[in-house]
Amino acid sequence: MRGKSKLRDPGIILCSVLVLVAAFVLIWWPKDIYVMGISLAGWLMFSSYFVWLAIGVIYIFWIEKWEKK
Amino acid sequence: MQVMETIIIGLYVFLMILIGIYFAKRAHSSESDYWTAGRSINTFVGAFALFAALASSSSLMGAVGSGVALGLPFLFAYGFGAVAILPFTLFLVSGQIRRSGVSTMPEFFKQRYGNSVQIIAVCIVVVGMTFYMVPQLTASGLIGSYVLGIDYTTTVIILGIGFTIYAALGGMWAITYTDLIQGSVILVGMFVLSVIILTEFNGFGSLLQSALEVTPHFGDITQPWMSYFGLFLAFLWFGIVSPSAVMRNFASRDARTARRTAVGSCLLYIFVFVFGLIIASAGASLGIADSLSNQDMIFVSVIEHFMNPFLAGIMFAGLLAAIMSSADAMLLAISAGVARDIYKEYINKDASEKTVTRLGFVIMIFASIVGIIIAIDPPGLIAIMVGWVGGGLLSAFGFPLVLGIWWKRANTAGALAGMIGGSLTFLVLVITKPFALVSEPIIAAPVSLILTIIVSLLTDPPPVEIQNRVDSYHTDEPINLDKIVS
Numbered sequence: 001m002r003g004k005s006k007l008r009d010p011g012i013i014l015c016s017v018l019v020l021v022a023a024f025v026l027i028w029w030p031k032d033i034y035v036m037g038i039s040l041a042g043w044l045m046f047s048s049y050f051v052w053l054a055i056g057v058i059y060i061f062w063i064e065k066w067e068k069k
Numbered sequence: 001m002q003v004m005e006t007i008i009i010g011l012y013v014f015l016m017i018l019i020g021i022y023f024a025k026r027a028h029s030s031e032s033d034y035w036t037a038g039r040s041i042n043t044f045v046g047a048f049a050l051f052a053a054l055a056s057s058s059s060l061m062g063a064v065g066s067g068v069a070l071g072l073p074f075l076f077a078y079g080f081g082a083v084a085i086l087p088f089t090l091f092l093v094s095g096q097i098r099r100s101g102v103s104t105m106p107e108f109f110k111q112r113y114g115n116s117v118q119i120i121a122v123c124i125v126v127v128g129m130t131f132y133m134v135p136q137l138t139a140s141g142l143i144g145s146y147v148l149g150i151d152y153t154t155t156v157i158i159l160g161i162g163f164t165i166y167a168a169l170g171g172m173w174a175i176t177y178t179d180l181i182q183g184s185v186i187l188v189g190m191f192v193l194s195v196i197i198l199t200e201f202n203g204f205g206s207l208l209q210s211a212l213e214v215t216p217h218f219g220d221i222t223q224p225w226m227s228y229f230g231l232f233l234a235f236l237w238f239g240i241v242s243p244s245a246v247m248r249n250f251a252s253r254d255a256r257t258a259r260r261t262a263v264g265s266c267l268l269y270i271f272v273f274v275f276g277l278i279i280a281s282a283g284a285s286l287g288i289a290d291s292l293s294n295q296d297m298i299f300v301s302v303i304e305h306f307m308n309p310f311l312a313g314i315m316f317a318g319l320l321a322a323i324m325s326s327a328d329a330m331l332l333a334i335s336a337g338v339a340r341d342i343y344k345e346y347i348n349k350d351a352s353e354k355t356v357t358r359l360g361f362v363i364m365i366f367a368s369i370v371g372i373i374i375a376i377d378p379p380g381l382i383a384i385m386v387g388w389v390g391g392g393l394l395s396a397f398g399f400p401l402v403l404g405i406w407w408k409r410a411n412t413a414g415a416l417a418g419m420i421g422g423s424l425t426f427l428v429l430v431i432t433k434p435f436a437l438v439s440e441p442i443i444a445a446p447v448s449l450i451l452t453i454i455v456s457l458l459t460d461p462p463p464v465e466i467q468n469r470v471d472s473y474h475t476d477e478p479i480n481l482d483k484i485v486s
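Protein chains in written order, with this note's numbering: chain A, 1 to 69; chain B, 1 to 486.
A couple of the hints might just be wrong.
Simulated coverage check for chain B against chain A, where a stretch passes if three residues somewhere in it have a Cβ under 8 Å from a Cβ of chain A [what the hints assert, rightly or not]:
id : region
1  : 86-92
2  : 221-234
3  : 256-265
Short derived list, chain A residues pointing at chain B, Cβ under 10 Å [stated by the list, open to error]:
id : residue
4  : 6
5  : 10
6  : 12
7  : 14
8  : 18
9  : 25
10 : 26
11 : 29
12 : 32
13 : 34
14 : 38
15 : 39
16 : 42
17 : 63
18 : 64
Everything labelled a hint here was simulated from the structure, so no lab data went into it. Beta carbons are placed, not taken as given, at the ideal position from N, Cα and C, and that holds for glycine.
Please put together the full structure from these sequences, using the hints given.
Here is the structure:
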């Protein structure tokens, strides 16, 4: 099953997505752009909460599809 | 003394102790019951329990207080890492560590790396979890002394003993079901407070405007980049390196339930930061941050300003719920580390389950006393103290654990080097303070990673049995526990 290639493990793939999203926010870091008086860097971090939830849900569906196979 | 609030808090603590007494007999009937609630917890209960275990005083008081004191983006950085805990842990370790069949994190280290790594792990767990209790006790002292009108020290002692009683009596059973109630109280309380605030300000836009008028830096990035990155890293890894969170994974009835529990907790945790944003904005609009002797009290000030005594009492109970639901899980991790991973493993292998659970009970009392003594004169802001412990655990455990699951070549020598090297680097940085606030794991964790890899490669590979075991973590074939190699 998943032991065949660890790089194709849904956990590794989605973990990479998480790292990429976090890297995007932390590298861009638009601290001097403001929206509603709050730094955009802050809003990007806040928006990421919903990305984290979404990839968690995707993981459940993906893993259970694998298990059914 | 605030009478109504005191009565509500008193009733709340009494109810929690009753739950501990209710579960005492079942909890002490077997080790599986005491440490993992018989591995039988369902998704709904588990999601609230895991969320409550993770959302401690720092997620509420600490995040709101630091959001007002250091800018809203600092609160957002909190959630940036904290909400990611659940999926990150799910992706990297949850399923694999469940397949190992262990009940505690040190037990996993013993199975994967051997006795020496397990012993070091236990020492770090016990010290780390004891220190992690300090900010929880600090928060309980701040709330209790304010509400009950008793001095801080006495309040720390009374409330510390309160949560220790039900945790020690009822083990993981009591902790799980008190967490269910506590998680609900946290969310309902924060929701009600948020609605009251938004109603008073006629919406979020004018709330934010008011906050910025009174506290001009509220929207700014006020700290160096490394502080936000360090906070993100320390919280992100918390579900992997925190023994209390790891033990919650083992309590789920099966893998499917464990996955849903993690995602359910993620959703609940998002609510905390959405409500936290509203509450912090209200705190900033009050303009009291500079006048408070302790900026962790901003949340308390907001409650007192916007809520009537009855609702304020419930919200204070919610804050205490956040504290107790995390502290009880920490106590359980400490007692499991000593009673199960040291005493039963090395001192008295023939100890009965009753002896081990009773010893666990005693260890909890002792650890609580140590935590209380330190909390009487706490060393820093709640958010900073929690950041230290999270960063310290990451620097010690993070990479030896993850590499142990995903890289067959990681061996005992590498794990030891990573754990000890990472811990020492972290301690040196905390003491010498060469960098920005809570940024120590940015250096110490990579040191741990590099040491684990290099020392593993320079020494002999692990035995074939261990390498096969690592493969077994990634499949659903049953594990033959008779082949455990110590």
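How the hints compare with the structure:
Coverage of the region 86-92 of chain B by chain A holds [criterion: at least 3 residues with CB-CB distance below 8 Å; count 6]. With a threshold of 8 Å between beta carbons, the proposed coverage of the region 221-234 of chain B by chain A holds, since 5 of its residues qualify and at least three are required. Only when three residues or more bring their CB closer than 8 Å to a CB of chain A does the claim for the region 256-265 of chain B stand; here the count is 5, and the claim holds. Using the Cβ-Cβ criterion of 10 Å, the hint placing residue 6/A at the interface with chain B is satisfied: the shortest such distance is roughly 6 Å.
Satisfaction of the interface hint for residue 10/A is found here, the shortest Cβ-Cβ separation to chain B being roughly 8 Å, below the 10 Å cut-off. With its C-beta approaching chain B no nearer than about 7 Å, residue 12/A sits inside the 10 Å limit, and its interface hint holds. Annotation: residue 14/A was flagged as interfacial toward chain B, and the flag holds, the nearest CB pair being 5 Å apart, inside 10 Å. Checking residue 18/A against chain B: minimum C-beta separation of about 6 Å stays under 10 Å; hint holds.
The beta carbon of residue 25/A is positioned within 10 Å of a beta carbon in chain B (closest approach about 7 Å), and the interface hint is therefore held. Residue-level restraint check for residue 26/A holds (minimum Cβ-Cβ distance to chain B is 6 Å; threshold 10 Å). For residue 29/A, the suggested interface contact is upheld, since its CB lies about 6 Å from the closest CB of chain B, less than 10 Å. With 10 Å as the threshold, the beta carbon of residue 32/A comes within range of chain B, its nearest partner Cβ sitting at about 8 Å, so the hint holds.
Evaluation of the residue 34/A hint against chain B yields a held restraint, the C-beta minimum of about 6 Å falling below 10 Å. With a least beta-carbon distance of about 4 Å to chain B, the hint placing residue 38/A at the interface is held under the 10 Å criterion. Because the beta carbon of residue 39/A sits about 5 Å from the nearest beta carbon in chain B, less than 10 Å, this interface hint is met. Here the hint on residue 42/A is kept, as its CB sits about 3 Å from the closest CB of chain B, short of 10 Å.
A least Cβ separation of about 7 Å between residue 63/A and chain B falls short of the 10 Å threshold, and the interface hint therefore holds. Satisfaction of the interface hint for residue 64/A is found here, the shortest Cβ-Cβ separation to chain B being roughly 7 Å, below the 10 Å cut-off.
In the structure shown, no violation is registered for any of the earlier numbered hints.
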